[in-house]
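Novice: If you want the building blocks of each chain, they are given just below.
Protein chains: 2
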Amino acid sequence: MKLREKELLKRIGFRVSVEAICIPQAGLQNTEQNKQKEALFLNKKIVHKECLIALDESGKEMNSRDFSHFLKQCLVERGTVNFVIGGAYGLDSSILNRANLCLSFGRMTWTRELARLMTLEQIYRALEIDGGGNFHK
Amino acid sequence: MKLREKELLKRIGFRVSVEAICIPQAGLQNTEQNKQKEALFLNKKIVHKECLIALDESGKEMNSRDFSHFLKQCLVERGTVNFVIGGAYGLDSSILNRANLCLSFGRMTWTRELARLMTLEQIYRALEIDGGGNFHK
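Protein chains in written order, with our numbering: chain A, 1 to 137; chain B, 1 to 137.
Certain hints may be false.
The list cannot tell twin chains apart, which means a pair is met if one copy fits it or any two copies do.
Here are the simulated EDC-like pairs of lysine to aspartate or glutamate, each with C-alpha atoms no more than 16 Å apart in a straight line [unchecked claim]: (1) Lys60 / Glu5; (2) Lys137 / Glu57; (3) Lys137 / Glu32; (4) Lys45 / Glu19; (5) Lys137 / Asp66; (6) Lys2 / Glu113; (7) Lys137 / Glu19; (8) Lys37 / Glu113; (9) Lys44 / Glu32; (10) Lys45 / Glu61; (11) Lys60 / Glu128; (12) Lys44 / Glu7; (13) Lys72 / Glu50.
Derived by calculation from the structure, the hints in this document are not laboratory data.
All figures in this text were calculated on a predicted structure; none of them were measured in a lab.
The following block holds chain A by itself, in its conformation from the complex:
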């Protein structure tokens, strides 16, 4: 894990309990089977009552303040919020359909490494906005 990721996880950890889990890519030739195999793991891992936010190019765009309000509400109502970033071929429809929010970081395509960093920065920013910190001007 990169330094900046560790730093952001540490900072997020001052406000909420946080954990980053990298799952191995299924590595199958068939991309649909690949996504299904990854989804099987995720669907077992994520408890029904928890909030699921799927990062998806065709998802909803939000500004950082609106995202902050949404995240706060999820934390209060659901306790745990899971962010899921897909592999090279995106996420299985079972994950996208189950998600409480499909979130898009614009129309560009990002590597999952950068998407992870972007997600962590937005989570940190969201908590800072909620906490009244001066990170978000």
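Following the hints, position chain B against chain A.
Specialist: Chain B alone, transformed into the frame defined by chain A:
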């Protein structure tokens, strides 16, 4: 500069000549004067015939393929393409008005450090798309 930035600059450098310049923040109390002072430097630095792409939250969103086509066209027609990322208070209107493209990475707010990394990844992706590489699936 972070490792990933160096890596991306190196990879971009295999296809086109590239240089990253960090300008010091003007550091004035008045945010408008701050932006104007930064703009003075930029307007001197960027030659009139060159292409200027300003990163701006309220700019145009493009997908990576469309951006690749746009960048290629700029490189062919203008030779040099400048990407400008603003400081904490954004960019001066003289830069935004002069820009050939105001480009937005979605509605979220990003730190300039991450915006720089995102820009480099999109430039690399754009060149890979144009060059027929398999980075962009």
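Novice: For every hint, state whether the structure bears it out.
Specialist: Each hint tested on the structure:
| no. | hint | result |
| --- | --- | --- |
| 1 | Lys60 / Glu5 | neither (24 Å within a copy, 28 Å between copies) |
| 2 | Lys137 / Glu57 | between (26 Å within a copy, 13 Å between copies) |
| 3 | Lys137 / Glu32 | between (42 Å within a copy, 15 Å between copies) |
| 4 | Lys45 / Glu19 | within (13 Å within a copy, 44 Å between copies) |
| 5 | Lys137 / Asp66 | within (14 Å within a copy, 31 Å between copies) |
| 6 | Lys2 / Glu113 | both (9 Å within a copy, 14 Å between copies) |
| 7 | Lys137 / Glu19 | neither (27 Å within a copy, 29 Å between copies) |
| 8 | Lys37 / Glu113 | neither (20 Å within a copy, 35 Å between copies) |
| 9 | Lys44 / Glu32 | neither (18 Å within a copy, 52 Å between copies) |
| 10 | Lys45 / Glu61 | neither (26 Å within a copy, 35 Å between copies) |
| 11 | Lys60 / Glu128 | neither (22 Å within a copy, 27 Å between copies) |
| 12 | Lys44 / Glu7 | neither (29 Å within a copy, 37 Å between copies) |
| 13 | Lys72 / Glu50 | within (13 Å within a copy, 45 Å between copies) |
Of the numbered hints listed earlier, those contradicted by the structure are 1, 7, 8, 9, 10, 11 and 12.
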